[in-house]
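Residue numbers (our numbering), protein chains in the order written: chain E, 1 to 323; chain G, 1001 to 1216.
Hints in this document: simulated from the structure, not taken from any laboratory.
Note that this is a predicted model, so its numbers are computed, not measured.
Do not take every clue at face value.
[Said to hold, decoys possible] Across the chosen pairs, the derived CB separations fall in these ranges:
id	chain 1	residue 1	chain 2	residue 2	range
1	E	Glu49	G	Asp1171	41 to 49 Å
2	G	Ile1152	E	Asp312	20 to 28 Å
3	G	Asp1135	E	Glu20	55 to 63 Å
[To be verified] Straight line, CA to CA, 16 Å or less: simulated EDC-like cross-link-like pairs of lysine to aspartate or glutamate:
id	chain 1	residue 1	chain 2	residue 2
4	G	Lys1020	E	Glu242
5	G	Lys1167	E	Asp317
6	G	Lys1098	E	Glu242
7	E	Lys140	G	Asp1171
8	E	Lys264	G	Asp1048
9	G	Lys1204	E	Asp312
10	G	Lys1056	E	Glu186
11	E	Lys182	G	Asp1048
12	E	Lys264	E	Glu245
13	G	Lys1167	G	Glu1200
14	E	Lys270	G	Glu1028
15	E	Lys53	E	Glu27
16	E	Lys98	E	Glu49
17	G	Lys1060	G	Asp1083
18	G	Lys1167	E	Glu316
19	E	Lys264	G	Asp1051
20	G	Lys1042	E	Glu268
Here a beta-carbon is modelled for each residue, glycine too, at the ideal position from N, C-alpha and C.
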Amino acid sequence: MISLGIEGTAWSLSIGVVDESDVILIENDPYIPKEGGIHPREASLHHSENIGKLVRRVFSRVDPESIDVVSFSQGPGMGPCLRIVATTARALSLRLKKPLVGVNHCLAHLEVGRWKTGAKNPVTLYVSGGNSQIIARRGKNYRVFGETLDIGLGNALDKLARYMGLKHPGGPKIEELAKSGKRYYELPYTVKGMDFSFSGMVTASQKLLDEGAKKEDIAYSFQETAFAMLAEVSERAMAYLEVDELLLVGGVGANARLQTMLKKMCEERKASFYAPPKELMGDNGAMIAYLGLLMHKNGYSTKIEESTVKPDFRVEDVDVNWE
Amino acid sequence: MSMRILCIEHLKRLREEPIKIYLGGEAEVRIYSDFVAKKRRKKGYRIDELDAFLRKTRTKMEARIISSARRAGIPTPIVLDVDEETILMERINGEPLKNIMNRKLSRMVGEYTARLHTAGIIHGDITPMNLIYCDGKIYFVDFGLAFYDTRIEARGVDVHIYFESLKAYFDNWEDLRDAFVEGYLSGNFDKAEEVLDRAEEIEKRGRYVERRLAED
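Just chain E, with the same shape it has in the complex (with noise of 0.2 Å):
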């Protein structure tokens, strides 16, 4: 079976081709903004004039014929950008005359992560612009055990970066200048429970920005300091459900300082530490293309009519009947 999947929740925008076996492509056409964040409209924009020529560009590379299920996703997300995605997904799921399968988008990150890493049953921490959450298996749900109370930890970095003068996304920027950090400035260290938030970091590392710091001495301790956040909550999940794998997916994931912290910390609790390769964290194709696959084989599809996006989609709302 192979399953086309599209992505374009926010700023990403792109089509997966998977067979029950590989990813057999990824081509991306992602939004950049021009200065500041991400404006939904447009993103939209980018995203209606740009998705022909992307689908274009698959279908120069895999025969049109072969698909069997046209996935997409149908949220969360932003609504303009959604609504591209879901209206392109039902025009070719008529055309090819392919069953139509709307994904949720996180649960999309976690299933890719699971069958690229062969992670059973972890505890995953999900880190993206503007998700960032404890997401595990319960019953016939997955359920989120902690979240962010304020804004997602890529958003905390964007706004951190924006504020430094650095463009858009931020995340890589940040990790960068935090490699020559030497001085550690104690910030708002928030969790609660198995939730946490960010929003008090950024406020104080702009002051300190505004006091005369220097920027790799912030970014340094705000990745120290946040990264810890996630690896203590992370750890609190696997201790109360007795879990000792730990899945990290989205594309904060790709830090290669907030994945050395949980490796460090499964090692300690000796829990095993998985993350998928690196063109699977972020937002992509494929991983809408696998969970389409995935559902579909389990018996889902989605009529046009029930196509509709749904930009506050929890991932607890989805109803999981495979292993």
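Go by the hints and put chain G onto chain E.
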């Protein structure tokens, strides 16, 4: 300030084989027949400055808060001894609420939580794992993330965390949440309604982040 050390008797006892070792989110808990030792060991994943700061401040704060919660009438274990990174406390040999949760117990958690909040204490991690039922009382056992705060926001988050943990563990979480609310409102805590409203509001935050990202 001189470093606090455990008394010799306790140090000896710590060399005995514990009944069970539980590796929690930030501390190692050794359970002995009549006491529990909670030790915040060094975490290799974080830098030394942050590690030392967290271990020291949390241990100190936890010992202080256990005692003040007790004075406020909330069942907690008695603190026997403390050093820079270890707290020795009485062992509460009961059943974690996780295993026996029902409406009546959740209501009682609500009553006690309101009492904690009245005393200016935020527990920081109220979950069915951190509550032990013993001799008709519910003991609050883990004050590892507790702090003093009388703001509505902090209290709201405290309640929110409990609700989230109910959701994660129990299918009848709505029922258990309602029971908690009943209990929380039953005392004479004058801010109870305001806190519960805030908890509801907090639930809605953090979920529309994509939208907020767009508004930047």
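Each hint, compared with the structure:
1. Glu49(E) / Asp1171(G): 41 to 49 Å: holds, 46 Å
2. Ile1152(G) / Asp312(E): 20 to 28 Å: The hint (20 to 28 Å, Cβ to Cβ) holds, given that Ile1152(G) and Asp312(E) are roughly 26 Å apart.
3. Asp1135(G) / Glu20(E): 55 to 63 Å: Once the Cβ atoms are compared, 57 Å apart, the range 55 to 63 Å for Glu20(E) and Asp1135(G) holds.
4. Lys1020(G) / Glu242(E): holds, 14 Å
5. Lys1167(G) / Asp317(E): holds, 13 Å
6. Lys1098(G) / Glu242(E): holds, 13 Å
7. Lys140(E) / Asp1171(G): holds, 11 Å
8. Lys264(E) / Asp1048(G): Satisfied, since the Cα-Cα distance of roughly 14 Å is no more than 16 Å.
9. Lys1204(G) / Asp312(E): holds, 11 Å
10. Lys1056(G) / Glu186(E): This hinted pair holds, its Cα atoms lying about 15 Å apart.
11. Lys182(E) / Asp1048(G): holds, 13 Å
12. Lys264(E) / Glu245(E): holds, 13 Å
13. Lys1167(G) / Glu1200(G): This hinted pair holds, its Cα atoms lying about 14 Å apart.
14. Lys270(E) / Glu1028(G): holds, 14 Å
15. Lys53(E) / Glu27(E): holds, 11 Å
16. Lys98(E) / Glu49(E): violated, 24 Å
17. Lys1060(G) / Asp1083(G): Holds - the C-alpha atoms of Asp1083(G) and Lys1060(G) are around 8 Å apart, at most 16 Å.
18. Lys1167(G) / Glu316(E): holds, 10 Å
19. Lys264(E) / Asp1051(G): holds, 14 Å
20. Lys1042(G) / Glu268(E): Status holds; Cα separation ~10 Å.
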